[in-house]
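Line by line, the protein sequences give chains L and Y. Okay, so the first sequence: first residue is 1 according to the numbering used here, each after it adds one. Okay, so the second sequence: first residue is 320 according to the numbering used here, each after it adds one.
By construction, these hints were calculated from the structure, which means they are not laboratory data. Keep in mind that a hint or two might mislead.
Unchecked claim - As a list, the in silico DMTMM-like pairs of lysine to aspartate or glutamate whose alpha-carbon atoms are at most 20 Å apart:
(1) 413/Y x 265/L
(2) 443/Y x 417/Y
(3) 95/L x 106/L
(4) 387/Y x 406/Y
(5) 449/Y x 482/Y
(6) 387/Y x 488/Y
(7) 387/Y x 412/Y
(8) 443/Y x 490/Y
(9) 32/L x 490/Y
(10) 413/Y x 216/L
(11) 387/Y x 417/Y
(12) 413/Y x 218/L
To be verified - Chain Y is faced by these chain L residues, among others (derived, beta-carbon under 10 Å):
(13) 9
(14) 12
(15) 16
(16) 225
Said to hold, decoys possible - Residues of chain Y clear of chain L, computed beta-carbon distances all greater than 12 Å:
(17) 447
(18) 489
(19) 491
(20) 517
Ideal Cβ positions, reconstructed from N, Cα and C, are used throughout, including at glycine.
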Amino acid sequence: MSRSSLSRRVRSWGRRQLYSLFSSIGTLVSHKLATLMTVLVLGIAMALPLGLFVAVENLRAVDLRQGDWGSITVFLTAEAGEVGAQALAAAAASKGGASLRLISPEEGMEEFTLASGFGQAADIFAENPLPWVAVLSPAAGGDLQIDAWVSDWEAWLAGREGIDLVQIDHKWVQRLAGFLALGNAMITVLTVLFSLAVIVVVANTIRLDVANRTEEIEVMSMVGASNDFIRQPFLYSGFWYGLLGAVLALVLLSAAMLYLQGPLERLLEAYGNQYSLKGLGMRRGGVALLLGALLGFAGAWLAVQRHLRLLAHGRRIGR
Amino acid sequence: MITFEHVSKRYPGGATALQGVDFSLGAGEMAFVTGHSGAGKSTLLRLILMIERASRGQVLVNGRNLSKTPMNQAPQVRRRIGMIFQDHKLLSDKSVFDNVALPLLIAGMRYTDIRKRVRAALDKVGLLDKERAWPLALSGGEQQRVGIARAIVAMPPILLADEPTGNLDPDLSRDLFGLFRQVNAQGVTVLIASHDLSLIREMGQRVLVLSGGRLIDDIPAGITGARRA
Chain L
1 MSRSSLSRRV
11 RSWGRRQLYS
21 LFSSIGTLVS
31 HKLATLMTVL
41 VLGIAMALPL
51 GLFVAVENLR
61 AVDLRQGDWG
71 SITVFLTAEA
81 GEVGAQALAA
91 AAASKGGASL
101 RLISPEEGME
111 EFTLASGFGQ
121 AADIFAENPL
131 PWVAVLSPAA
141 GGDLQIDAWV
151 SDWEAWLAGR
161 EGIDLVQIDH
171 KWVQRLAGFL
181 ALGNAMITVL
191 TVLFSLAVIV
201 VVANTIRLDV
211 ANRTEEIEVM
221 SMVGASNDFI
231 RQPFLYSGFW
241 YGLLGAVLAL
251 VLLSAAMLYL
261 QGPLERLLEA
271 YGNQYSLKGL
281 GMRRGGVALL
291 LGALLGFAGA
301 WLAVQRHLRL
311 LAHGRRIGR
Chain Y
320 MITFEHVSKR
330 YPGGATALQG
340 VDFSLGAGEM
350 AFVTGHSGAG
360 KSTLLRLILM
370 IERASRGQVL
380 VNGRNLSKTP
390 MNQAPQVRRR
400 IGMIFQDHKL
410 LSDKSVFDNV
420 ALPLLIAGMR
430 YTDIRKRVRA
440 ALDKVGLLDK
450 ERAWPLALSG
460 GEQQRVGIAR
470 AIVAMPPILL
480 ADEPTGNLDP
490 DLSRDLFGLF
500 RQVNAQGVTV
510 LIASHDLSLI
520 REMGQRVLVL
530 SGGRLIDDIP
540 AGITGARRA
């Protein structure tokens, strides 16, 4: 085969693709209401797992910000006093991997009066009853496993003198990690379920579309259209359904976040925190769009595969 | 151009539509196939279009043995045949222009060429002013002429028609047959299935007569027309 004939074939293939593309868009546009409803169903179906994903991602971000949830609070004995506290700080510094903050009894009392609102608390006691306290938290910048870090320091502290009580706050972290793991598992389950739903919805829509256009398919087949040519507009339709559904899902998600942002800010403010919700981001949004389009395509492919076989080669023509 | 060799067609379930049919239609020839309903006219056309396959014997079209052609090559076979249906089979949600353009779109032709060819075909059937119209807004005769434009737009060497005048009054039918003769005059092989006997006689073309799936008569051109005169 000569090169020019090959390039001619490629060009006519390209023109056929273009035709299929535009004819699929034309079909969607000419049935606005039906298209809208399908896209709405798809958008909602895709918004649910995406929404949960965003929620879990935000919780994870909260976790990272709260470094002190993984902290160890060490109460020194009264006898150890400032000397013991400084010795502990020096030893911890030489071990490394943690930042240590010392709280003197005076600072402790100040913090207590401020936090509790018992302004005269200090006056009740003849002498400050609070011990020296050391707060150990993971050194910044490390990508560390909180559990391992905590048990490491717990063991180290157990071997030291002058310590009254070691309080570990990482149960919180463990629980949060548990919730996050559960959230992740639920995302997986929801993603699988709703992906199936998207495929089924698109497949059913395309199946109806094929059934409605039986006549057109017959005519096309009679004037020499190959099965591929007949199939393509439907596959493109599925692609558009999926893509538009994903776009709508992202829009719904953004709207929901906008709506939740205010109340959430007020809630966190009450906890003395500031936080602004994070969306999916460009890259993940792009992945969501691509995934939606692919699911739509897959649904259309399934429907067309099954349905066009029944119509293959115009077996119903002229009957 | 079209050759049937001992062709039989038996449908699943036992109905025999054609039995030992033998004939040959040369390039540029024009012929009618006639016979009562159920005589096998439609089956004969369906075999040429590869909608059905012969149970026995061989069908040769455009130099290709259809019995040995795999089904996935049916589109190539059909692209070289223009087919006209009794009920036009126009797509009602597409304009006349788009209907006629369909075979060219399938071939992947450039849009500027498509435009030229479609307008030439519409001009030939006298409907150039209707290219933007919708098929349902046209009369039955006009719709059938759109069907003819679609069948000839890709310039196939063979034109088939299945009862093209089935729903038309005699005058319109006569016009339509005249149109077929013009197409034939340009070298296209034309085969028309019709039971409109008086009109067929008028045309004076070769006539193949089917009865009960057998070819019972093959009247050469000139005789029928002469008989009328």
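Quick rundown of the hints versus the structure:
1. 413/Y x 265/L: Roughly 55 Å between the alpha carbons, so the hint for residue 413/Y and residue 265/L is violated.
2. 443/Y x 417/Y: It holds: about 17 Å lies between the C-alpha atoms, which stays within 20 Å.
3. 95/L x 106/L: At roughly 27 Å apart (the allowed maximum being 20 Å), residue 106/L and residue 95/L break the hint.
4. 387/Y x 406/Y: Since the Cα atoms of residue 387/Y and residue 406/Y sit roughly 31 Å apart, the hinted pair is violated (cutoff 20 Å).
5. 449/Y x 482/Y: violated, 24 Å
6. 387/Y x 488/Y: violated, 41 Å
7. 387/Y x 412/Y: violated, 37 Å
8. 443/Y x 490/Y: holds, 19 Å
9. 32/L x 490/Y: Violated: residue 32/L and residue 490/Y sit about 44 Å apart, past 20 Å.
10. 413/Y x 216/L: Holds: residue 413/Y and residue 216/L sit about 10 Å apart, inside 20 Å.
11. 387/Y x 417/Y: Outside the cut-off at roughly 34 Å; violated.
12. 413/Y x 218/L: holds, 15 Å
13. 9: holds, 8 Å
14. 12: holds, 3 Å
15. 16: holds, 4 Å
16. 225: OK, holds: residue 225/L within 10 Å of chain Y, min 5 Å.
17. 447: Holds: least Cβ distance 21 Å, greater than 12 Å.
18. 489: holds, 24 Å
19. 491: holds, 22 Å
20. 517: holds, 25 Å
The structure fails hints 1, 3, 4, 5, 6, 7, 9, 11 (numbered hints given earlier, in ascending order).
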